[in-house]
Every structure is written in structure tokens, then in C-alpha cells.
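**Q** Starting from the given sequences, assemble the full structure and let the hints guide the process.
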Amino acid sequence: MHEFSIAQSLIELAGQHCPPGAIIREVFIEAGPMRGIDREAMQFAWQCATPGTPCQNTKLELRILPWRLHCPACGAEWESDDVFVSCRCGHASPAPAGGDELRLTGLEVSTPEELAAEEAHARVGGAERPEDER
Amino acid sequence: MHVSVVQNVLKMNDEIATMNRQILRKAGVFTIDLIGAPGCGKTALIERTLQELKHLRIGVIVGDLTTHRDADRMARFTEQVVQVNTGKGCHLEANHVREALTHIDLSRLGILIIENVGNLICPVGFDLGQDAKVGMFAISGGDDKAAKHPYIVMESSVLLLSKMDLLPYVPFDLELFRSDIRRLNPNVPMLELSATTGKGMEPWLKWLGERVKQAAPVA
Numbered sequence: 001m002h003e004f005s006i007a008q009s010l011i012e013l014a015g016q017h018c019p020p021g022a023i024i025r026e027v028f029i030e031a032g033p034m035r036g037i038d039r040e041a042m043q044f045a046w047q048c049a050t051p052g053t054p055c056q057n058t059k060l061e062l063r064i065l066p067w068r069l070h071c072p073a074c075g076a077e078w079e080s081d082d083v084f085v086s087c088r089c090g091h092a093s094p095a096p097a098g099g100d101e102l103r104l105t106g107l108e109v110s111t112p113e114e115l116a117a118e119e120a121h122a123r124v125g126g127a128e129r130p131e132d133e134r
Numbered sequence: 001m002h003v004s005v006v007q008n009v010l011k012m013n014d015e016i017a018t019m020n021r022q023i024l025r026k027a028g029v030f031t032i033d034l035i036g037a038p039g040c041g042k043t044a045l046i047e048r049t050l051q052e053l054k055h056l057r058i059g060v061i062v063g064d065l066t067t068h069r070d071a072d073r074m075a076r077f078t079e080q081v082v083q084v085n086t087g088k089g090c091h092l093e094a095n096h097v098r099e100a101l102t103h104i105d106l107s108r109l110g111i112l113i114i115e116n117v118g119n120l121i122c123p124v125g126f127d128l129g130q131d132a133k134v135g136m137f138a139i140s141g142g143d144d145k146a147a148k149h150p151y152i153v154m155e156s157s158v159l160l161l162s163k164m165d166l167l168p169y170v171p172f173d174l175e176l177f178r179s180d181i182r183r184l185n186p187n188v189p190m191l192e193l194s195a196t197t198g199k200g201m202e203p204w205l206k207w208l209g210e211r212v213k214q215a216a217p218v219a
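For the protein sequence lines, the chains are D and L, in the order given.
Numbering follows the numbering used here, in which position 26 of the first sequence is assigned residue number 26; successive positions increment by one, without gaps.
Numbering follows the numbering used here, in which position 91 of the second sequence is assigned residue number 91; successive positions increment by one, without gaps.
The set of hints was computed from the structure by calculation and includes no laboratory data.
All of these numbers come straight from a predicted model, not from anything done at the bench.
Be careful, since some hints might not be right.
Straight-line distance between alpha carbons at most 27 angstroms, and here's what the computed BS3-like set of lysine-lysine pairs gives [claimed, not checked]:
id, chain 1, residue 1, chain 2, residue 2
1, L, K54, L, K213
2, L, K206, L, K145
3, L, K199, L, K145
4, L, K148, D, K59
5, L, K88, L, K148
6, D, K59, L, K88
Rough simulated footprint, nothing fancy, chain L against chain D, three-plus residues with beta-carbon under 8 angstroms [as the list claims (entries may be wrong)]:
id, stretch
7, 18-32
8, 52-64
9, 87-101
A few chain L residues that face chain D, going by a derived Cβ cut-off under 8 angstroms, partial list only [said to hold, decoys possible]:
id, residue
10, M1
11, H2
12, V3
13, Q7
14, N8
15, H91
16, Y151
17, L184
All residues carry an ideal CB built from backbone N, CA and C; glycine is no exception.
**A** Structural data, given as C-alpha cells:
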């Protein structure tokens with residue numbers, strides 16, 4: 001259920017980073033494995049929290065980061081989806097590092113210029129079509 | 001158009017938490033955020049701690065979805081108790097603590113214990129302004145709970161395993177539990193205790209007492 005709080009904070013943050021007059025289309029976030037974010041719960045929270053906000057009808061793109069492991073015996077470092085794994089050297093207890101990231105990484109927006117261009121394109125397209133039919 | 005951003009999602013919460021931390025540190029109050037599953041014995045531990053460490057002047061903020069029962073239990077041992085009801089919220093956030101602090105006389109406290117909503121997942125990611133997170137597990141919860149909840153194990157300054165008096169009656173692989181914790185957080189102090197019998201409480205009380213000495217008021 002922490003997904004709902006995260007969604008609410010994210011909506012606010014996305015609104016702050018959206019250029020004036022633009023419309024948000026997609027929101028990109030990254031979460032470390034320690035955050036315990038459930039993909040389905042996050043999408044559900046997004047659907048519930050966004051109506052009536054600048055993030056209404058947007059897509060949420062969630063990237064869940066892997067664990068970063070460090071072997072205290074041989075010094076190897078690698079990424080893994082599972083935290084309880086052994087190192088290639090045989091050491092049974094590699095140490096996890098980091099993993100608590102939770103950040104907004106980007107927005108896909110339509111700027112006022114892009115919106116005007118889309119609208120003009122739709123108008124031209126709409127005017128041409130009857131001619132094509134003739 | 002793509003807008004690149006790199007920003008902590010919980011920035012607002014973290015900013016309020018930083019303000020809480022400044023207020024608490026200035027008052028010389030050592031603050032812990034006690035996090036554990038429902039029924040792991042958080043309230044019982046606090047009750048016993050309040051009884052044993054009366055001289056350290058402990059206040060409590062207790063978070064629950066609903067009811068005033070925990071605050072009533074603890075009000076028998078300290079005057080400085082605030083119950084926060086989160087409604088549907090599964091964890092406390094920094095603004096809950098900020099609001100609760102307005103009902104507490106910090107000048108009369110040495111320690112503030114924040115009992116978070118019973119939950120091993122959600123509360124861990126929300127900074128409240130505490131000095132230390134204390135993660136709590138119980139024998140009755142099963143020996144796999146540390147492995148299944150790495151975030152709290154890795155974020156805690158000290159970990160407690162409670163209800164040790166139940167060990168003879170419950171299947172619980174203590175060695176497995178300990179090794180899971182060692183793997184996730186090799187240096188964290190691990191204290192095994194029973195708030196009911198009082199056995200094992202001493203190292204916990206000592207740990208708290210030592211922290212209070214470090215948190216002397218800022219001149």
C-alpha cells in the first residue's frame with residue numbers, strides 16, 4: 001500500500017517538472033529492490049491517484065533496479081535479481097549495496113507547440129479527406 | 001518532448017523529516033522509529049522499556065490505523081503520549097510526526113519512541129526524522145521474516161527478536177534467522193529478548209541508555 005503514497009508524491013513532483021502549458025503523457029521512475037514496490041500495485045495506485053491531476057491519463061513506466069552485490073572474499077561486483085546468491089568464487093555471503101533508490105527519471109510531455117502542430121495536422125487531414133473521397 | 005529529471009520521489013516527506021530531525025536534535029532528544037509486523041510485541045516492549053527506564057524521560061508517538069488503545073496502554077507509564085490514527089495509511093509519514101510533536105513537551109524528554117504502524121514493508125522507506133530505525137521480529141512470526149524483508153534488516157541500527165520465551169514451543173530455526181541477518185547487515189547489533197519475562201531486556205536498555213548520552217542538547 002505504500003505505492004499509493006508514492007503515487008501521490010510522484011504526481012506532485014511530475015507537475016513541478018512539467019514545462020508550462022505542456023501536457024504530461026508518460027512518467028518514468030526507477031525503484032531499487034529494497035523499496036519492495038509491487039508492479040501491479042503501483043499501476044493500480046497510479047490509476048486511482050491520477051484522475052483530476054496533471055497526471056490524468058498518463059502512462060507510468062516503472063523500472064525496478066536489480067540488487068548490486070559485492071563479494072568480500074574476491075572483490076567481485078555484479079547485479080542480480082536475487083539477493084541470496086553465492087559468488088562465483090564460492091563465497092556464500094556476498095553483501096548487497098544500495099538498492100533503496102526511488103526517483104523520478106523523466107517525463108514525456110506534449111509542449112504547446114507540439115499540441116498546436118498536432119491540432120493543425122488533424123485539421124488539414126480532416127479537410128483533405130473529403131477531397132480524396134471525391 | 002522528453003524532460004529528463006533525477007529527483008527523489010519522496011522529496012517532500014524527506015524535507016519535513018529533516019525539519020523534525022533538527023527540532024528533536026536541538027532539544028537533545030534521541031528518537032527511534034520502531035518498525036515491526038502487527039503482533040510482534042512493539043507495544044509490550046515499549047511498556048516494559050517505559051517501566052525500566054523511567055529516569056530517562058521517554059515520550060511515545062504511536063501510529064495505528066485506528067483506536068486509542070496503544071496510547072491508553074502507554075499512558076500508564078508516561079505523560080507524553082500521542083496517538084496518531086492514519087485511517088487507511090499503512091505507515092507514518094514525516095508530517096504525522098511533525099503534527100504529533102506539537103502535542104509533546106520536548107524539554108521534558110530524553111528519548112522519543114515512535115511506534116510505527118504494524119508493517120514490515122511500507123514504513124521503512126519513509127524518513128520521519130528519527131536518529132535510528134529499530135526493526136523488530138518475533139519468534140511467533142517465523143524464522144523467514146528477516147530474509148523476506150531485507151529493507152528493514154538493512155536499514156536498522158539495531159534489530160530485535162522478541163518473544164524469546166516462546167522459542168521452546170514454536171518451530172523457529174534461530175541459526176538460520178541469524179545468518180540471514182548477518183548476510184544482509186553484517187554489523188547490526190541483534191538483540192534477543194522477551195518483554196513478557198524481561199529476559200534479554202538488559203542489552204536493549206543499555207543500548208538505548210548509551211544513545212541518550214550521545215544526544216545531549218545542542219547549546
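**Q** When the hints from earlier in the document are held up against this structure, which numbers fail?
**A** 4 and 8
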